[in-house]
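Enquirer: Chain by chain, the residues run as shown.
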Amino acid sequence: MTAQAEAPTTIVARRTPWWRRASRSWQLYVLLAPAVVYVLVFKYWPMFGAQIAFRDYNPVDGFIGSPWVGLEHFTRFIESFQFERLMVNTLTVNALGLLLAFPVPIILALVVNQLASDRFKKFTQTVLYAPSFISVVVVVGMIYLLFSPRSGIVNNAITAFGGDPVFFMGSPEWFRPLYIGSDIWQNAGFSMIVYLAALTAIDPALHEAARVDGANKWQRMWHIDIPGILPVITILFILAIGNLFNLGFEKVLLMQTDLNLPTSEVIQTYVYKTGLQGAQFSYSAAIGLFNSLINLALLLTFNWVARRANKTSLW
Amino acid sequence: MTTTRPPVETTASISKPDPQPVRRHRRQRESGADRAFTIVVTATLLCAIVVILYPLYFVVVASVSEPSAILNGDVWLWPRGLTFEGYAKILSDPGILRGFANSVLYTVVGTAISVATILCGAYALSRRDLFGRTFFMLLFVVTMFIDGGLIARYLVVQELGMLNTMWAVVLPGAVGVWNLIIARTFFESNVPDELRDAAQLDGANDFRFFWRIVLPLSKPLIALMVMIHLVANWNAFFDALIFLDDENKYPLQLVLRNILIQSEVSASGGAGAVDSYAAAQRMGELMKYGMIVISTIPLLIALPFMQKHFTKGALLGAVKS
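Chains A and B are the protein sequences, given in the same order.
Note that our numbering has the first sequence beginning at 417, numbered continuously upward.
Note that our numbering has the second sequence beginning at 2, numbered continuously upward.
Calculated directly from the structure, the hints in this document are not laboratory data.
What you were told as hints is all true, and nothing was included just to trick you.
Pair by pair, the computed Cβ-Cβ distance ranges are:
id	chain 1	residue 1	chain 2	residue 2	range
1	B	LYS220	A	PRO565	48 to 56 angstroms
2	B	PRO95	A	PHE499	40 to 48 angstroms
3	A	VAL628	B	CYS48	29 to 37 angstroms
4	B	GLN201	A	ALA695	50 to 58 angstroms
5	A	ASP477	B	ALA205	48 to 56 angstroms
6	B	LEU54	A	TRP638	28 to 36 angstroms
7	A	ASP619	B	GLN201	38 to 46 angstroms
8	A	ASN474	B	VAL110	32 to 40 angstroms
9	B	PHE85	A	LYS538	31 to 39 angstroms
10	B	ASN73	A	PRO678	31 to 39 angstroms
Built from N, CA and C at the ideal position, the CB exists for glycine as well.
Starting from the given sequences, assemble the full structure and let the hints guide the process.
Expert: Given below as structure tokens:
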């Protein structure tokens, strides 16, 4: 019946010229206009402006009038003493974060899925999501308070057991554990949703049959649940690798102190400082562009891998 | 198309009673191995719940405790020396109150702009007869992968003369392409073409159809979009940090950041009212706990009501990826 409804319109559409067709739905373009204006102004204009990475930007001459300097800023960055540290820090905190944080939502989903009581299940889910609604500022504020060397509860506990208080926010070696740990604390519950959904999509007949054959709960989880969500796990993992250089830099910025800079300075925070605080617009734009290029390359590569994995996997 | 179908089915089945598999567990007799497994499962979850809730609980308890008791490590499970002085100070601090008011304003305006733009744009994009649909879709999707970068974004906002105004906080992040795609997917699968044909026969134009039929059909989507943007706008601080200079325009999150993280003891609530520097500092600590509670409570209270919508949204997004 849909074929009947569509047939006349497509025939008419083929006969009329494109401007006629477009003008007939002018109201749709009016609806679309704000969104298009938005991307043009706030996305494409900055993209166009990113060319200042190859120029010596000054406000008077603007994006296209400033003198062209080619790759000067890029070579300056790559040869700078900061370069190696920034690359290492950016990659380490992201790669470690991915490896440590990735399995947690999967385990949570498998475990929550085992719960028999609906009410406990619902309660657990609500509790697990809760931290993802708290702002980054508050989460980092809590870290500062709870891990404070003077009054923080963590250091109180350490001293109560006879240890020496640790100045967590002032130690380079504690930045990564705190960043990754709080990230898991805040986001694991929300990431769990996808896996839970995949688990409910598993055919109950499989569990039924396995139980008849005498498989216990652990065996059913290992042999039914995990293989059942493996395709989802694979794809999300590959996509996560594609985002390796795209960390939550706002949180890094908030967690930075003068003392933990040796591990907490990453590319994006460096861009923020040299560019907006130090007003070296072109130099920092070049660094930002360098970072985006790495991101894009990773994303395209792993999207390609994901698509291939997609084809061979169950989907 | 096939990838977009599942989320809609979940949307539709939300109101249905729970399917069998959940009840199945209750009926069965448990073997020894199963009982051990259940114990491990329950223990893991209890651990997770404690790890998540205890810090939040501690902050609440500490916010009403005597600062010196916190300092000595006497506060663990119950408030010591119950005091609401911290809250009194917070609620009389003009900086914090102004931040709260600013946040409410930015959140309401920002959410209204974002949701309106996304719904209108997504509906137009969901129409298969929109000429140039693929081109426009590409125009949006490209921005998900290519980004002009922080510096260029700052310079553009500067060029627009928006620095130090509300618009710099509200506009630059207004339309998320991801949300646009979620909304488009929803319209595509929930607004049947037959409905539009019928409306057209009755003489309804696109505006009228969108306003009178599409929007009333899309209440779950509108609820989801409003909630996503309320939470995101309320929690945002970075655009305010780079685009605003005037402290009177700071949203709550930026005020919080300055007090919680940069440890600037609030100018008005500080030294004047309390005798010594140490006492002022202790009061500052107390206020920090209280501020975390005050800024977070609205969202956490709303959470159980919002949860259903957010779950749906996460699934819509996930299936697409």
